[in-house]
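Participant: Read off the chains here:
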Amino acid sequence: MELAALCGAELIGDPQLRIDGPASLEAAGPNEVSFFGHARYAKELASTRAGALVVPRALDVKDCAATLLRCSDPNAAFTHVLNAFGRLPARPAPGVHPTAVIGRDVQLGVEVSIGAYCVVGEGARIGAGAVLHPHVVVGPRATVGERSELRSFVTLYDGVTLGARCLLHAGAVIGADGFGFDPRIGRAGLEGWDKVPHGGSVEIGDDVEVGANACVDRGRFEATRLGRGAKLDNLVHVGHNVQIGEHVLLIAQVGIAGSTKVGAGAVLAGRVGVNTHIEIGPGARVAPGSNVWHSIEGGRDYGGYWALPRGEWMRNQAHMNRISELAERVRALEKTLAKNLEKRLGNEQGGGA
Amino acid sequence: MELAALCGAELIGDPQLRIDGPASLEAAGPNEVSFFGHARYAKELASTRAGALVVPRALDVKDCAATLLRCSDPNAAFTHVLNAFGRLPARPAPGVHPTAVIGRDVQLGVEVSIGAYCVVGEGARIGAGAVLHPHVVVGPRATVGERSELRSFVTLYDGVTLGARCLLHAGAVIGADGFGFDPRIGRAGLEGWDKVPHGGSVEIGDDVEVGANACVDRGRFEATRLGRGAKLDNLVHVGHNVQIGEHVLLIAQVGIAGSTKVGAGAVLAGRVGVNTHIEIGPGARVAPGSNVWHSIEGGRDYGGYWALPRGEWMRNQAHMNRISELAERVRALEKTLAKNLEKRLGNEQGGGA
Amino acid sequence: MELAALCGAELIGDPQLRIDGPASLEAAGPNEVSFFGHARYAKELASTRAGALVVPRALDVKDCAATLLRCSDPNAAFTHVLNAFGRLPARPAPGVHPTAVIGRDVQLGVEVSIGAYCVVGEGARIGAGAVLHPHVVVGPRATVGERSELRSFVTLYDGVTLGARCLLHAGAVIGADGFGFDPRIGRAGLEGWDKVPHGGSVEIGDDVEVGANACVDRGRFEATRLGRGAKLDNLVHVGHNVQIGEHVLLIAQVGIAGSTKVGAGAVLAGRVGVNTHIEIGPGARVAPGSNVWHSIEGGRDYGGYWALPRGEWMRNQAHMNRISELAERVRALEKTLAKNLEKRLGNEQGGGA
Numbered sequence: 000m001e002l003a004a005l006c007g008a009e010l011i012g013d014p015q016l017r018i019d020g021p022a023s024l025e026a027a028g029p030n031e032v033s034f035f036g037h038a039r040y041a042k043e044l045a046s047t048r049a050g051a052l053v054v055p056r057a058l059d060v061k062d063c064a065a066t067l068l069r070c071s072d073p074n075a076a077f078t079h080v081l082n083a084f085g086r087l088p089a090r091p092a093p094g095v096h097p098t099a100v101i102g103r104d105v106q107l108g109v110e111v112s113i114g115a116y117c118v119v120g121e122g123a124r125i126g127a128g129a130v131l132h133p134h135v136v137v138g139p140r141a142t143v144g145e146r147s148e149l150r151s152f153v154t155l156y157d158g159v160t161l162g163a164r165c166l167l168h169a170g171a172v173i174g175a176d177g178f179g180f181d182p183r184i185g186r187a188g189l190e191g192w193d194k195v196p197h198g199g200s201v202e203i204g205d206d207v208e209v210g211a212n213a214c215v216d217r218g219r220f221e222a223t224r225l226g227r228g229a230k231l232d233n234l235v236h237v238g239h240n241v242q243i244g245e246h247v248l249l250i251a252q253v254g255i256a257g258s259t260k261v262g263a264g265a266v267l268a269g270r271v272g273v274n275t276h277i278e279i280g281p282g283a284r285v286a287p288g289s290n291v292w293h294s295i296e297g298g299r300d301y302g303g304y305w306a307l308p309r310g311e312w313m314r315n316q317a318h319m320n321r322i323s324e325l326a327e328r329v330r331a332l333e334k335t336l337a338k339n340l341e342k343r344l345g346n347e348q349g350g351g352a
Numbered sequence: 000m001e002l003a004a005l006c007g008a009e010l011i012g013d014p015q016l017r018i019d020g021p022a023s024l025e026a027a028g029p030n031e032v033s034f035f036g037h038a039r040y041a042k043e044l045a046s047t048r049a050g051a052l053v054v055p056r057a058l059d060v061k062d063c064a065a066t067l068l069r070c071s072d073p074n075a076a077f078t079h080v081l082n083a084f085g086r087l088p089a090r091p092a093p094g095v096h097p098t099a100v101i102g103r104d105v106q107l108g109v110e111v112s113i114g115a116y117c118v119v120g121e122g123a124r125i126g127a128g129a130v131l132h133p134h135v136v137v138g139p140r141a142t143v144g145e146r147s148e149l150r151s152f153v154t155l156y157d158g159v160t161l162g163a164r165c166l167l168h169a170g171a172v173i174g175a176d177g178f179g180f181d182p183r184i185g186r187a188g189l190e191g192w193d194k195v196p197h198g199g200s201v202e203i204g205d206d207v208e209v210g211a212n213a214c215v216d217r218g219r220f221e222a223t224r225l226g227r228g229a230k231l232d233n234l235v236h237v238g239h240n241v242q243i244g245e246h247v248l249l250i251a252q253v254g255i256a257g258s259t260k261v262g263a264g265a266v267l268a269g270r271v272g273v274n275t276h277i278e279i280g281p282g283a284r285v286a287p288g289s290n291v292w293h294s295i296e297g298g299r300d301y302g303g304y305w306a307l308p309r310g311e312w313m314r315n316q317a318h319m320n321r322i323s324e325l326a327e328r329v330r331a332l333e334k335t336l337a338k339n340l341e342k343r344l345g346n347e348q349g350g351g352a
Numbered sequence: 000m001e002l003a004a005l006c007g008a009e010l011i012g013d014p015q016l017r018i019d020g021p022a023s024l025e026a027a028g029p030n031e032v033s034f035f036g037h038a039r040y041a042k043e044l045a046s047t048r049a050g051a052l053v054v055p056r057a058l059d060v061k062d063c064a065a066t067l068l069r070c071s072d073p074n075a076a077f078t079h080v081l082n083a084f085g086r087l088p089a090r091p092a093p094g095v096h097p098t099a100v101i102g103r104d105v106q107l108g109v110e111v112s113i114g115a116y117c118v119v120g121e122g123a124r125i126g127a128g129a130v131l132h133p134h135v136v137v138g139p140r141a142t143v144g145e146r147s148e149l150r151s152f153v154t155l156y157d158g159v160t161l162g163a164r165c166l167l168h169a170g171a172v173i174g175a176d177g178f179g180f181d182p183r184i185g186r187a188g189l190e191g192w193d194k195v196p197h198g199g200s201v202e203i204g205d206d207v208e209v210g211a212n213a214c215v216d217r218g219r220f221e222a223t224r225l226g227r228g229a230k231l232d233n234l235v236h237v238g239h240n241v242q243i244g245e246h247v248l249l250i251a252q253v254g255i256a257g258s259t260k261v262g263a264g265a266v267l268a269g270r271v272g273v274n275t276h277i278e279i280g281p282g283a284r285v286a287p288g289s290n291v292w293h294s295i296e297g298g299r300d301y302g303g304y305w306a307l308p309r310g311e312w313m314r315n316q317a318h319m320n321r322i323s324e325l326a327e328r329v330r331a332l333e334k335t336l337a338k339n340l341e342k343r344l345g346n347e348q349g350g351g352a
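Protein chains in written order, with numbering that gives the first Met the number 0: chain R, 0 to 352; chain C, 0 to 352; chain D, 0 to 352.
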C-alpha cells in the first residue's frame with residue numbers, strides 16, 4: 000500500500016490491501032482508509048469497519064482489525080491521503096495569470112501563484128510560494144507572507160501585513176476602516192457624524208486562518224493585530240485596535256468591539272460578543288452565544304447572556320429556566336403568610352374577645 | 000388590459016383600465032396594480048385604493064371595487080407583472096462573455112449565461128440555462144444545476160454541487176474549509192492548532208436559495224448538505240457536516256455549528272444559534288435571537304436565550320422581565336417573617352416573664 | 000512646521016519642531032503629532048508625550064507642553080495629517096481602467112475613477128468624482144452619487160440608488176432580494192416555499208457609510224431606505240422594506256428584520272437584533288447584544304435579551320446574575336415557614352393535650 004510511504008507511516012497489517020478512498024470512522028468500509036486522531040472518537044474507533052486507519056504512533060490499538068498506518072503527525076499524514084484521492088481543494092500551480100494586474104514596484108517572491116483577475120496594488124509584496132486564487136485584491140503596500148494562501152474575493156486594504164502560511168477564505172476583508180464617528184451637535188441636536196480617520200493598519204502573524212466573509216478592521220493610529228496561530232471562523236468581526244493573542248480561536252460569527260484584548264489561547268465559541276475596551280485573559284473559554292461585558296480572567300470557562308464563570312452561569316441558567324416555578328413558590332409563601340396572619344389576627348381577636 | 004394575458008389571469012372588472020405600474024396594497028392608486036396573496040393582508044386589502052389586484056382564484060372578493068386578475072399562482076403571476084414594468088433584477092441573456100476564463104474539460108449546458116470575469120475551474124459543469132452573473136468563481140469539478148443563478152462574487156469551492164433552479168446571492172461562499180483544529184500541547188501548554196483536513200464537500204439540492212454573504216462550509220469526510228427547497232437568508236453560517244432538511248428556512252444571521260441536523264420544514268428565525276452535534280426536529284420553529292443547546296423535537300415552537308418550548312419560555316420571560324419585583328417580594332417575605340419571629344420571641348419572652 | 004498650513008491650523012508653540020509621523024496620545028513621542036478631539040480622552044491628554052497636538056480651537060489647553068495646532072474641525076485636519084504621512088488608504092486617481100466593462104447608456108460624471116475589472120451595467124449612472132475600486136459591480140440602472148467611493152467586491156443590484164459622498168466597504172451587497180416566501184401547503188403538509196417577488200429597490204441617502212460584507216435587501220414594492228448620514232458597520236443586515244432614519248448608527252453585526260423603522264439618530268450597538276414590523280423611536284440607544292421585540296420610544300436607552308428601558312434592565316440583570324441566591328432565599332423561607340408550622344402544630348397539640 001503506497002499510502003504508507005505517502006504518509007511516512009509505519010504499516011502494521013496487510014500491505015496488499017486495496018484502498019479506494021478515505022471515509023469517516025462511521026462510514027468507512029473494508030476498502031477505505033479512515034483516521035483516528037483524538038481520544039474523543041474512541042467509540043467510533045471501537046466500531047469502525049475501515050480497512051485501514053491512520054493513527055498516532057503513540058496509540059495502543061491492540062484489538063483493532065484494521066491495517067494501521069502509524070504516524071507522528073496523523074493530521075498531516077491524512078492530508079496527504081486526502082490529496083492523493085483528490086479530496087482537498089487544489090493548490091494552484093505557480094505562475095502569474097496573464098489577466099492579473101500587478102502595480103508598480105510590486106515584489107513577487109519565487110514560485111508565487113497569482114490567479115486570473117487578481118489586482119495587486121503599487122508597492123505590495125507577495126512572499127515566496129504564496130497563492131492568490133482568482134479575484135484577489137491586494138491593496139497598495141500590503142504584504143503577504145511566504146506560502147500564505149488567499150482564496151477568491153479576499154480584500155487586503157492598503158498597507159495590511161500578513162505573515163507566513165496564513166489561509167484567508169473567500170470574501171474575507173482585512174483592513175477596512177474602523178467604525179469611528181464623532182457626533183456633530185448643532186442647535187437642533189445631532190446634525191451628523193464626523194468620520195474619525197483610521198491611519199493604523201492590520202498586522203496578522205504567521206499561521207493565521209481567517210474564515211469566509213470575516214472582517215478585521217484597521218486601527219486608528221496603531222495596528223489591529225491577530226497573533227501567530229490565531230484561527231478565525233466565518234463571519235467573525237474584529238473591530239479597530241483589537242489585539243488578538245497567539246493561538247486564539249474565534250468561532251463563527253463572533254464579534255469583538257474596538258480596542259479589546261484577547262489573551263493567548265483563549266477560545267470564544269460561536270456568536271460570542273465582546274464589549275469594547277476590555278480584556279479577555281489568556282486561555283479563557285467562553286460558551287456560544289455569550290456576551291462578555293467586563294474584563295475576565297484567563298484560564299477559566301465562562302458563559303451566559305451576561306457572561307459569568309461557567310459554574311455560576313449554569314446554576315443561574317437552571318434557575319432561570321424554571322423561574323416560573325420560583326415565582327409560584329413565592330406566591331405560595333405569600334399566601335401562607337397571609338393566611339397565618341389572618342389566623343393569628345383571628346386568634347388574637349378571638350383571644351381578645 | 001394585456002396584464003391579464005401576461006398573468007394567465009381571469010379578468011373581472013374594467014378591461015380598459017390603464018395601469019402605470021405595480022405598488023403595495025397600502026400605496027397603490029387607481030392606476031396601479033397590487034397583489035393579494037395571503038390572508039394576513041386582509042386589512043390592507045379592505046382599504047386598498049389599487050385600480051387592479053392580482054388575487055388567488057379561490058378568493059371570494061365581493062365588495063372589492065378593484066378590477067381583479069384571478070390566477071392559480073398569484074406570486075408567479077405578479078412576478079410577470081413586475082417584470083413587465085422592469086421592476087425585477089434582470090436575468091442576463093445567454094452567452095459566454097469573452098472575458099470569462101473557462102478551464103479545461105468544463106461542460107457548459109445549452110443557453111448558459113456566463114458574465115464578465117467569471118472563472119470556471121477545470122472539470123466544472125454548468126447546467127443548461129444556468130446564469131453566472133459577472134465575477135462568479137466556480138471551483139474545479141464543481142457542478143451548477145440547470146437554470147440556477149449565481150450573483151456576482153459568489154464562490155463555489157472545489158467539487159461543490161448545486162442543484163437545479165438555485166439562486167445564490169452576491170458574496171455567498173459555498174465549500175470553505177470547516178473550522179476544525181486539534182490542539183498541539185507541548186511542555187509549555189498549548190503550542191498551536193493543527194488543521195484538520197476537510198475532504199468532504201457541499202451538496203445543495205434543487206430550488207435552494209442562499210442569501211448574500213452567507214457561508215456553507217464543506218464537510219470533513221462526507222458532504223455538508225442543504226436539502227431541496229431550503230432557503231437561507233443573508234449572512235447565515237452553516238458549519239461542516241451539517242445536514243439541512245428539505246424546505247428549511249434559516250433567516251438572517253442564523254449560525255449552525257458543525258455536525259448538527261435540521262429536520263425538514265424547520266424554521267429558524269433571525270440570529271438563532273444552534274449548538275454542535277444536535278438535532279432540530281422536522282417542522283420545529285425557533286424564535287429570533289434564541290440559542291438552541293440541546294436537541295429539540297419537531298412540530299413545536301421554541302424560544303429564549305436558552306431555548307425552551309415557547310409557552311414555557313414566554314412565561315419565564317415574563318417573570319425575568321420583572322424579576323426585580325420578585326426579588327422585592329422575597330425581601331418583603333423575609334422582613335415579615337423576621338418581624339413575626341421577633342414578635343413571637345417577644346410573646347414567648349413576655350409569656351415566660 | 001508645514002503641518003499647520005496643511006491643517007489650516009493656528010500654531011501655538013515651536014514652528015521648527017520636526018514631526019516624523021502621527022501616533023496616538025498614549026504612544027506619541029516628542030517628534031510625533033497626535034490628536035485630541037473629544038473630552039473622553041482628557042486623561043490621555045494629561046499624560047501625553049506628543050510633540051505636537053491637533054486640537055479643537057475652543058479647547059483651553061493651558062498646561063500642555065506640546066506644540067498645538069488649533070483647528071475648527073480637528074477630525075478633518077488630522078485626516079490631512081494622516082494623508083501627508085501616507086497613513087490612509089489612497090483614493091485612486093480619476094480615469095477608467097481599460098479592463099472595466101461599461102454597459103450601454105451608462106453615464107459617467109467628470110473625474111470618475113473606475114478601477115480594474117469593474118462591471119457597470121446598462122443604464123447605470125456614476126456621479127462626478129465617484130471612485131469604484133477594482134472589482135466593483137454596479138447593476139443595470141443603478142446610480143452612484145457624486146464623490147461616493149465603493150471598495151472592491153461591492154455589489155449594487157439593479158436599480159439601487161446611492162447618494163453623494165457615500166463610502167461602501169469591501170464586499171457590501173446592496174439590493175439582494177428580500178427574504179420572502181409563502182408556504183405551499185399540499186395534502187402532505189408543507190410542499191415548498193413560493194418566492195415572493197421583490198420589485199422594490201434600495202435608496203441610500205448622502206453621506207452614508209456601509210461596512211464590509213454588510214447587506215441591505217431590496218424592498219418588495221417600495222424601496223428599503225437608509226437615511227442621509229446613516230452609518231452601518233461590518234456584517235450588518237438590513238431586511239426588505241426597512242426604513243433607516245438620518246444619522247442612525249448600526250454597529251457591527253446588527254440585524255434588522257423586514258419592514259421595521261429606525262428613527263433618526265438612533266444608535267444600535269453591536270449584535271443588536273430588531274424584530275420585524277416595529278418602530279425604534281428617534282434617538283433611542285440600544286446596548287450591545289440586545290433583542291428588540293416591540294416598538295420602543297425614542298430618546299431613551301434600552302438593553303437586555305428582551306430589551307427594556309436601561310434602568311429596568313440593569314436592575315433585572317443584577318438580579319438574574321444572582322438568581323441562585325434568590326432561589327436559596329426562597330428555599331430558606333420555605334424551610335422557616337415549614338418549621339414555624341411544625342412548631343405551631345406542636346404548640347397547638349401541646350396546648351390541646
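Calculated from the structure, these hints are not laboratory results. Hints are supplied without guarantee of correctness; some may be wrong.
Chain copies aren't distinguished; within one or between two, either way the pair holds.
Simulated crosslink set (DSS-like; lysine-lysine; CA at most 25 Å straight-line) [as the list claims (entries may be wrong)]:
id, residue 1, residue 2
1, Lys42, Lys334
2, Lys342, Lys42
3, Lys42, Lys260
4, Lys194, Lys42
Participant: Indicate, hint by hint, whether the structure satisfies it.
Facilitator: Cross-check of the supplied hints:
Taking the shortest alpha-carbon separations for lysine 42 and lysine 334, neither the intra-copy value of 53 Å nor the inter-copy value of 46 Å comes in at or below 25 Å. When the C-alpha separation of lysine 342 and lysine 42 is checked against a cutoff of 25 Å, the pair qualifies neither within a copy, at 63 Å, nor between copies, at 56 Å. Taking the shortest alpha-carbon separations for lysine 42 and lysine 260, only the inter-copy value of 20 Å comes in at or below 25 Å, while the best intra-copy value is 39 Å. In this assembly of identical chains, lysine 194 and lysine 42 lie within 25 Å of each other by CA distance solely across copies; the values are 22 Å between and 56 Å within a copy.
Hint violations for this structure: numbers 1 and 2, all remaining hints satisfied.
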